[in-house]
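Participant: Below are the chains, spelled out letter by letter.
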Amino acid sequence: MFTLLQIELYKIFKRPRTYIAFAAITALIVIIQLGLKVDGKEYADFVLADMKNMLEINGKIINGYFVCYVILQLLLIHVPLLIALIAADMISGEANMGTLRLLLTKPISRTEFIMAKFLAAAIYTILLLIWIAVLALFVSMLVFGTDDMFLVKNAYAVQIERADIFWRYAGAFCFAALAMLTVAALCFFLSNFAENSIGPIVATMSVIIVTTILSTMSIPLFNTIKPFLFTTHMVAWKEFFDIKVNDANETIKGTVEHADKIIRSSIVLVVHIVLFVGASVVVFKKKDVLS
Amino acid sequence: MKNYLRVLITLIFIGSFTQIKAQDITTLVQKVKNKLDQVNDYVAEGKMKTDVAFIKAPVGKVKVYFKKPDKFKLKRDAGISLLPKGGVTVNMRSLVAVNDYTVIAAGETIINGIKVKIAKLLPNNDNSDIVLSTLYIDETNLVIIKATTTTKENGTYDIEMQYGKYINYGLPDKVVFAFNTKDYKMPKGVTMEFDNDVTNEDRAKMKNKKGRVELAYNSYIINKGFDDSIFKN
Numbered sequence: 001m002f003t004l005l006q007i008e009l010y011k012i013f014k015r016p017r018t019y020i021a022f023a024a025i026t027a028l029i030v031i032i033q034l035g036l037k038v039d040g041k042e043y044a045d046f047v048l049a050d051m052k053n054m055l056e057i058n059g060k061i062i063n064g065y066f067v068c069y070v071i072l073q074l075l076l077i078h079v080p081l082l083i084a085l086i087a088a089d090m091i092s093g094e095a096n097m098g099t100l101r102l103l104l105t106k107p108i109s110r111t112e113f114i115m116a117k118f119l120a121a122a123i124y125t126i127l128l129l130i131w132i133a134v135l136a137l138f139v140s141m142l143v144f145g146t147d148d149m150f151l152v153k154n155a156y157a158v159q160i161e162r163a164d165i166f167w168r169y170a171g172a173f174c175f176a177a178l179a180m181l182t183v184a185a186l187c188f189f190l191s192n193f194a195e196n197s198i199g200p201i202v203a204t205m206s207v208i209i210v211t212t213i214l215s216t217m218s219i220p221l222f223n224t225i226k227p228f229l230f231t232t233h234m235v236a237w238k239e240f241f242d243i244k245v246n247d248a249n250e251t252i253k254g255t256v257e258h259a260d261k262i263i264r265s266s267i268v269l270v271v272h273i274v275l276f277v278g279a280s281v282v283v284f285k286k287k288d289v290l291s
Numbered sequence: 001m002k003n004y005l006r007v008l009i010t011l012i013f014i015g016s017f018t019q020i021k022a023q024d025i026t027t028l029v030q031k032v033k034n035k036l037d038q039v040n041d042y043v044a045e046g047k048m049k050t051d052v053a054f055i056k057a058p059v060g061k062v063k064v065y066f067k068k069p070d071k072f073k074l075k076r077d078a079g080i081s082l083l084p085k086g087g088v089t090v091n092m093r094s095l096v097a098v099n100d101y102t103v104i105a106a107g108e109t110i111i112n113g114i115k116v117k118i119a120k121l122l123p124n125n126d127n128s129d130i131v132l133s134t135l136y137i138d139e140t141n142l143v144i145i146k147a148t149t150t151t152k153e154n155g156t157y158d159i160e161m162q163y164g165k166y167i168n169y170g171l172p173d174k175v176v177f178a179f180n181t182k183d184y185k186m187p188k189g190v191t192m193e194f195d196n197d198v199t200n201e202d203r204a205k206m207k208n209k210k211g212r213v214e215l216a217y218n219s220y221i222i223n224k225g226f227d228d229s230i231f232k233n
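So the sequence lines, in the order shown, correspond to chains U and V.
When the letters of the first sequence are read in order and numbered with this note's numbering, they come out as residues 1 to 291.
When the letters of the second sequence are read in order and numbered with this note's numbering, they come out as residues 1 to 233.
Just so you know, the hints here were simulated from the structure itself, not pulled from any lab data.
Please note: incorrect hints may appear among the correct ones.
[As the list claims (entries may be wrong)] The list that follows gives simulated cross-link-like pairs (lysine-lysine, BS3-like), each with its CA atoms no further than 27 angstroms apart:
no., chain 1, residue 1, chain 2, residue 2
1, U, K153, V, K49
2, U, K60, V, K85
3, V, K73, U, K52
4, V, K146, U, K60
5, U, K60, V, K49
6, U, K52, V, K165
7, U, K244, V, K152
8, V, K73, U, K244
9, U, K52, V, K31
10, U, K41, V, K75
11, V, K75, U, K37
12, U, K244, V, K85
13, U, K41, V, K174
14, V, K174, V, K47
15, U, K60, V, K35
16, V, K47, U, K153
17, V, K146, U, K244
18, U, K41, V, K61
19, U, K60, V, K47
20, V, K75, U, K52
21, U, K52, V, K71
22, U, K60, V, K63
23, U, K41, V, K146
24, V, K117, U, K52
25, V, K75, U, K253
26, V, K115, U, K41
27, U, K253, V, K61
28, V, K61, U, K60
29, V, K232, U, K52
30, V, K232, V, K61
31, V, K35, U, K52
32, V, K85, U, K52
33, V, K71, U, K253
34, U, K52, V, K47
35, U, K153, V, K232
36, U, K52, V, K152
37, U, K244, V, K174
38, V, K224, U, K52
39, U, K253, V, K49
40, U, K52, V, K63
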């Protein structure tokens, strides 16, 4: 199994397209960081315009933690496409090249084969997220420095103390890993049904776009189906950046306002991963491999 | 004729009494000012708590710098500070700058068990941001217990003071600023939170309510001097 995994990882990281995702993410993050470095004050004034009518807000609003939050908000919608580039190619790519039948002649079970492929896709996904964390969080901390985080939400604003932020990012990235693994698992599942990787990539993105639109639209008809869409749960990482207050309206360090939402969403995503991967195993085991 | 004389005497008496009263209150305000004038500068350390319904903020350590005549700076030891607009920058000394204000006596009342005299301060300068200040002065200790200030730009805010060991300098141990907040409205396009719907509970939270900023001072360093550069940033 470990040898299989090594082979699959070798195949992934030998392909130039693997590095497109890393290059694209680097470019996107650097562009956002550059924009905020040059015009960060204007951006902060725009975001806090309503608040500044009432309050004087002093301090470094545009700091590394805030920049990372902005990057994640913008980027985590697009990362699924970059994951799909690799995950959707795992089986269909082999089928396209005609190597799938050859590989299955080796003395390994189909379950082992498919699990090794999924694990390789999962490692790629996690490495991509680690790269995002390095650039979006650590580089931003170096470039912009650190301070408290002041976030404006739809219904209220939240200030989180500097010393209370880092663990929230650790949690948010772990949660993002679950969300992206769900995307990888979906791509992987769809990859079973195609002879080339374009189909699963387009299908995955279509599913994500449609379900994301349904998740974000505030229409009563869609509200009933929202809890069943995995895209609704993919954005629960933001919950790490909301904090509980006591009766005196003072924030309680180390707390999360809706920890239950994070747990519920994590469970939903894990169930999706298990279902997609399980279904992939079942489908692949029964598949008549002709290519 | 006798009645006319009586009315005239009564009017003169009332007039004189009002003038004496106005002089009394001006003198009282002047005395408070003189007491505050002992302080050329101070650096105070304390804790600040911002209590606005739609803001979740932590209690933070702050340092307050003051230098005569009106240099005032509040700095949070670390992190972001949220202060009512215009409110905190009005220090006690600027409230009793009697040269620029007309002082009117407005009676007496009791605040927190302390008998106080009410002085209304009307700025003589038409361009002043402050429209009216009402001071509640503890005549015995010559300190301001409460001040209500109405401004052109930043609405009305109340400042309540509690005194302790620095009462001889007229410096409070605790200051509570209460100010009006506007309705909080934040478009989803700005917050980028398209997934979260605003609930009725949230809407109630966002409604116009009073905000409070509490400053509890632990210590003052008075008349020891410090560099002016602190006011530049």
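Participant: Are the hints correct? Go through all of them and say.
Facilitator: Do the hints match the structure? See the list:
1. K153/U - K49/V: holds, 21 angstroms
2. K60/U - K85/V: holds, 18 angstroms
3. K73/V - K52/U: Judged against 27 angstroms, a Cα distance of about 18 angstroms means the pair holds.
4. K146/V - K60/U: violated, 33 angstroms
5. K60/U - K49/V: Roughly 19 angstroms between the alpha carbons, so the hint for K60/U and K49/V holds.
6. K52/U - K165/V: violated, 35 angstroms
7. K244/U - K152/V: Violated, at about 36 angstroms.
8. K73/V - K244/U: violated, 30 angstroms
9. K52/U - K31/V: violated, 37 angstroms
10. K41/U - K75/V: At roughly 19 angstroms apart (the allowed maximum being 27 angstroms), K75/V and K41/U satisfy the hint.
11. K75/V - K37/U: holds, 24 angstroms
12. K244/U - K85/V: holds, 26 angstroms
13. K41/U - K174/V: Outside the cut-off at roughly 33 angstroms; violated.
14. K174/V - K47/V: holds, 9 angstroms
15. K60/U - K35/V: Violated. K60/U to K35/V sits at ~37 angstroms, over the 27 angstroms cutoff.
16. K47/V - K153/U: holds, 26 angstroms
17. K146/V - K244/U: Violated, at roughly 32 angstroms.
18. K41/U - K61/V: OK: K41/U and K61/V at ~25 angstroms, within 27 angstroms.
19. K60/U - K47/V: Between K60/U and K47/V the Cα gap is close to 19 angstroms, so the pair holds against 27 angstroms.
20. K75/V - K52/U: holds, 18 angstroms
21. K52/U - K71/V: Cα-Cα ~22 angstroms, so holds.
22. K60/U - K63/V: holds, 17 angstroms
23. K41/U - K146/V: Status violated; Cα separation ~37 angstroms.
24. K117/V - K52/U: Measuring from Cα to Cα gives roughly 35 angstroms; hence the hint is violated.
25. K75/V - K253/U: Between K75/V and K253/U the Cα gap is close to 21 angstroms, so the pair holds against 27 angstroms.
26. K115/V - K41/U: violated, 48 angstroms
27. K253/U - K61/V: Since the Cα atoms of K253/U and K61/V sit roughly 15 angstroms apart, the hinted pair holds (cutoff 27 angstroms).
28. K61/V - K60/U: Answer holds: K61/V to K60/U is near 16 angstroms, not above 27 angstroms.
29. K232/V - K52/U: holds, 20 angstroms
30. K232/V - K61/V: holds, 20 angstroms
31. K35/V - K52/U: The given pair, whose Cα atoms are some 35 angstroms apart, is violated under the 27 angstroms limit.
32. K85/V - K52/U: Holds. K85/V to K52/U sits at ~8 angstroms (cutoff 27 angstroms).
33. K71/V - K253/U: Distance ~34 angstroms between K71/V and K253/U Cα, so the pair is violated.
34. K52/U - K47/V: Given that 27 angstroms is the threshold and the Cα spacing comes to 22 angstroms, the pair holds.
35. K153/U - K232/V: Roughly 32 angstroms between the alpha carbons, so the hint for K153/U and K232/V is violated.
36. K52/U - K152/V: Given pair K52/U, K152/V holds - Cα atoms ~16 angstroms apart, limit 27 angstroms.
37. K244/U - K174/V: holds, 26 angstroms
38. K224/V - K52/U: Violated: K224/V and K52/U sit about 34 angstroms apart, past 27 angstroms.
39. K253/U - K49/V: Holds - the C-alpha atoms of K49/V and K253/U are around 14 angstroms apart, at most 27 angstroms.
40. K52/U - K63/V: With a Cα-Cα distance of about 22 angstroms, the restraint between K52/U and K63/V holds, given a limit of 27 angstroms.
The structure is inconsistent with the numbered hints 4, 6, 7, 8, 9, 13, 15, 17, 23, 24, 26, 31, 33, 35 and 38, although it conforms to all the rest.
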